[in-house]
Amino acid sequence: MAHPFDQAGRLWRARVDRAGEYDLAGGSEEFAPGPWSSFVPRSDYDRARRLRDDLVAGYRGRAFEDVFCGREVACPGGTCYLLESRSAMDLDGRDPARAAAAILGDLTLVRGIGEVTERRLKGRGYRTVADLARHPLYRREAIRLLDSVAKGNTRDLVEQIGRRRRRSDPLLLEASRFHAPEDFVFLDIETLGLFSRPIVLIGLARVRGGSITVRQYLLRSVVEEEAALTAVLPALEAEGAALVTFNGRAFDLPYIRERLAYYGIPAGLGMPHFDVLHFARRRWRDSLATCRLGALETGVLGVDRADDVPGRMVPEFYDTYQRTGNPGPLVPVVEHNRQDLVSLARLFAVLRGDGDGGA
Amino acid sequence: MATAVRDFLGLLATDPGFREHIVHIETILPRAARYGDLSRPLPEGLRAYCDGRGIRLYAHQCAAIEHLRAGENVIITTPTASGKTLAFLLPVFERLATDPAATALFLYPTKALANDQVKVVRELEQTSGIRVDAAIYDGDTPGGKRPAIRERSRVILSNPHELHQVLAWHTKWGWFFRNLRFVVVDEAHRYRGVAGSHMAMLLRRLARIAGHYGVRPQFVLSSATLANPGEFAVRLTGEAAAWIGEDGSPGGEKTFVLCNPSAGGGDRSVHSVTKDLLLASVESGCRTLCFTVSRKLAELIAIRSRDVPGISAYRAGYLPKDRRAIEDGLKYGSLRGVVTTNALELGIDIGSLDGVVISGYPGTMISVRQQAGRSGRRSGESFAVLVAFENPLDQYFMHHPQAFFSRPCEHAVVDTGNPYIVSGHLLCAAAELPVDPERDGRWFGADLPKMLAAFERVHLLRKASRGWIYAGQGRAADTVSLDAVSSDTFRVMHGARLLETMDHWQAYREAHPGAVLLHRGETYVVTGMDLDGHTVRVEETDTDTYTQPLSTTDVAVVQELRCRDIGGVQVSFGDVTVTEEVAGYTVRHYGRLVSHHRLDLPPLRLETKALWFTVPDRTAETVAAGGRDFAGGLHGAEHALIAVMPYHVVCDRRDIGGLSTPLHPATGAPTIFVYDGYEGGIGLAEKAFALLPAIAGTAHELVRDCGCAAGCPACIYSPKCGNQNQPLDKIAAVTILGDLAGRLSTTGGHSSNP
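First to last, the sequence lines map onto chains A and B.
Its first residue numbered 1, the first sequence is counted upward by one per residue in this note's numbering.
Its first residue numbered 1, the second sequence is counted upward by one per residue in this note's numbering.
Derived by calculation from the structure, the hints in this document are not laboratory data.
Since this is a predicted model, take the numbers as computed values, not measurements.
Glycine residues also receive a C-beta, built at the ideal position from the N, C-alpha and C atoms.
Treat the hints with care, as some may be off.
[Said to hold, decoys possible] If we take Cβ atoms under 8 Å as the criterion, some of the chain A residues that face chain B in the derived model are: (1) A8; (2) R120; (3) L121; (4) R124; (5) P198; (6) R215; (7) E258.
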């Protein structure tokens with residue numbers, strides 16, 4: 001008689017396989033998915049399935065380490081596997097004077113001051129927030145803001161500006177100029193689902209000396225997740241670091257927080273955070289049909305991806321690797337994540353109006 | 001009020017329309033209150049609440065308070081309206097008053113009940129001045145309000161389905177769980193059989209998360225009267241509980257009447273008698289609740305009672321605001337009578353009533369007591385009438401009133417070893433926190449290492465440094481469904497207005513094209529059914545006719561997984577498809593057939609697991625030679641086997657289905673099927689396959705030794721038979737079961753896996 005738990009295991013396996021988190025959209029239907037859309041167009045789905053099958057066939061018998069040239073790193077939570085790549089990319093240098101001028105020139109950042117009051121105050125000689133330090137009513141808040149600006153404390157500034165403005169306010173981008181290019185940590189994760197499942201790839205990118213370095217912690221098995229989390233934590237929590245993501249406020253950061261708690265790893269993760277999705281929406285909402293990263297890449301950066309895997313299908317690709325041991329399906333996942341990070345950094349540069357647009 | 005009840009009872013005794021149908025009158029004597037004392041007084045705010053309402057605590061309420069103060073778990077099984085809610089609210093609030101961070105989770109089986117009970121909790125909060133920010137957290141709670149509730153509310157009212165989803169988000173609930181002191185499970189008797197197994201595992205997952213946050217909450221179970229409260233509490237929560245079962249509340253005299261429309265030679269239908277009883281009661285001045293066995297009957301009786309104002313139907317499927325309006329109407333007096341399904345059996349507050357009419361035996365004594373308990377006051381008289389259907393089970397009670405009144409409440413059976421259910425929840429638990437085989441053995445049992453290994457083989461769990469982690473790509477909680485009810489909900493639309501919602505099995509039976517649909521006393525006809533869009537369109541109509549679906553149930557063998565030949569009996573286990581086809585419907589006018597229509601609906605399918613066995617020709621010949629009805633014997637044997645299964649397989653009889661047929665295409669012989677009523681199967685038929693010799697033996701003894709002449713509810717009558725318990729032949733059933741048990745008891749059977 002078969003083992004009862006093997007029967008049960010097969011039952012749950014079949015159920016898990018059926019429980020997809022995306023829906024297929026019909027072929028000709030016109031739709032403009034937002035970043036949270038759960039639709040994968042039928043044509044993309046079929047193409048991705050074919051791609052996956054081709055990869056399984058093409059990489060049959062190949063070892064993981066042989067396909068991905070990286071190195072094993074040891075960290076507090078165990079060992080994991082790191083891939084590194086580099087390409088040309090630049091960001092403007094630190095410019096605290098420009099950032100301070102932009103912020104302090106905007107009196108409406110002080111609570112209680114609207115546009116009408118600002119005009120009146122400016123007429124009476126209060127030209128910057130610094131001048132308001134003399135104002136009996138607005139003194140206290142003005143001094144707090146001045147203090148944050150003087151210290152270049154972007155974490156407090158982002159919060160102070162955020163309280164008065166939308167998350168997409170260009171002033172927040174100006175505040176990022178308190179940071180040197182190497183302060184920015186670009187982050188993008190790939191996961192087995194939308195929530196409460198392992199992260200399978202953590203990608204970080206940094207810009208320094210005219211190039212962008214992408215470091216990807218690719219899990220050889222989900223068992224390495226804890227190690228990968230502990231590996232990236234120092235970079236995220238480093239003094240002066242600022243996080244840049246695409247939709248990370250709603251997805252990547254809470255996801256990482258939840259996974260850290262799952263393993264019982266304490267972390268603060270209170271660094272300043274610039275979520276490019278919000279700035280991009282404000283800037284291109286009217287000119288592009290959607291503001292998903294892929295659409296921005298094509299429409300703004302002029303990049304076209306070949307053999308891409310739709311983000312929603314990454315779990316299926318990783319699961320195929322997990323079940324077969326064939327690393328093929330991970331090839332486009334790694335490339336997808338790398339491309340996302342490079343595009344994220346370039347969009348950030350474009351939005352800030354850096355140099356030649358970050359090319 | 002008492003005179004209204006007496007007027008009505010007088011009418012029953014004298015009115016020739018009723019008199020001849022009354023077969024028994026049982027008087028339940030009034031009982032005096034037994035009050036209790038507390039070892040130390042309640043906090044001032046709670047005393048003020050009680051004093052303001054003239055509440056003096058009964059002995060059982062005091063007992064509950066003291067046990068909970070002592071840190072014990074408690075199960076309260078006193079009857080409806082005995083003050084169970086207050087018995088746990090007071091000690092919970094007392095603790096929350098003295099420990100300003102303490103939190104409590106209240107679980108209700110339905111959202112409607114939580115919506116009703118939150119009013120009681122908030123009233124206590126306001127009057128007592130003990131701030132708990134009581135709030136509901138369920139599927140209807142807007143996303144924007146959720147963070148504030150998680151971070152501030154000290155009493156959260158929710159339901160098992162929501163908790164099942166919430167546990168994976170425990171990080172966001174850190175504050176609430178760190179301070180969790182009480183978990184209250186209201187209407188706990190609802191969690192028996194498979195539903196109980198799920199609840200038991202869900203509560204273990206909750207306790208495990210609480211343990212992660214360093215707390216061990218006390219469990220409070222509030223339940224209907226059961227045969228086995230102590231055992232039930234241990235099974236459901238994993239911990240022993242003090243049993244509070246001695247009711248200290250006073251009760252007025254109650255008259256319980258058995259009414260049999262078939263008696264006295266009348267040709268009146270059950271529905272017509274039910275309606276007349278309801279009207280007579282309401283016109284006597286009694287506020288009356290009438291329970292029916294189906295949604296349609298609730299509507300039908302409400303419509304036929306239209307001549308008397310102040311009568312409404314009530315049932316699941318109504319929109320929440322409509323339901324609340326009816327509850328309030330009954331409570332505040334604008335309604336005098338409500339016809340309802342068992343939806344009002346739950347503890348929704350509708351005030352106290354003078355009388356209850358129960359149209360048809362509701363299937364369990366637990367339900368009878370819950371329904372009858374809806375009428376009655378602390379003092380003064382009340383009544384309950386059970387109106388019998390023509391089926392053998394109801395008729396048996398009419399002919400044996402003592403069997404009815406002495407019948408004990410059912411055992412609430414919960415299996416915590418069902419491999420499918422335990423492993424499903426293990427999967428969910430692993431997605432909540434890594435599973436440590438040593439630490440977590442207490443929640444998942446001794447087989448935990450085996451389950452972990454099985455899940456590793458199918459790549460759903462992996463062993464990491466801090467324990468076993470979930471590695472699946474689907475959300476674990478989405479793959480484990482707490483009940484069999486499908487999530488496909490049909491919307492019934494009248495123009496642009498959403499009339500109600502129903503599940504797809506029900507939509508096929510009651511809202512097929514041409515069906516007359518009754519809703520809140522209005523009559524609609526279904527003009528269209530969009531199966532893909534899950535929408536039913538209706539138009540208003542004016543007709544006295546109603547429709548009845550004609551459906552057939554079939555079991556098809558998909559794959560035989562195992563089979564054994566035991567003493568010449570071929571017993572099989574495997575995958576089956578149970579189909580129900582609504583092939584047509586009849587239109588009726590007051591019971592008279594008007595017309596007959598065909599339907600072209602795809603069959604409803606349940607893919608599940610079954611065991612089946614054949615009955616040899618020789619047995620059939622023996623039955624025929626004795627002049628008995630073979631089909632009736634087969635049917636009776638099937639019922640008896642299902643009746644005893646809960647004792648062997650540990651489930652509720654509602655969890656299993658059966659089919660018997662004198663000739664089945666898969667076997668070419670008379671066959672009895674027993675299947676799991678759950679998509680994919682849930683291990684019940686599988687376990688029964690292994691235990692069939694014992695099950696057959698018990699079933700045979702049960703029927704053979706039953707003192708009845710031609711079958712009764714204690715042997716071959718089933719409370720959930722789809723064929724009105726017809727045909728049935730007791731003597732033939734004894735022959736078939738005796739032959740089966742005899743063959744199975746001979747050793748030497750061999751097993752094979754084709």
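The hints, checked one at a time:
1. A8: Hint on A8/A: holds, closest Cβ of chain B at ~4 Å, below 8 Å.
2. R120: violated (35 Å)
3. L121: It is violated, given that the least Cβ distance between L121/A and chain B is near 35 Å, above 8 Å.
4. R124: violated (40 Å)
5. P198: holds (6 Å)
6. R215: violated (22 Å)
7. E258: holds (5 Å)
Violated hints for the displayed structure, listed by number in ascending order: 2, 3, 4 and 6.
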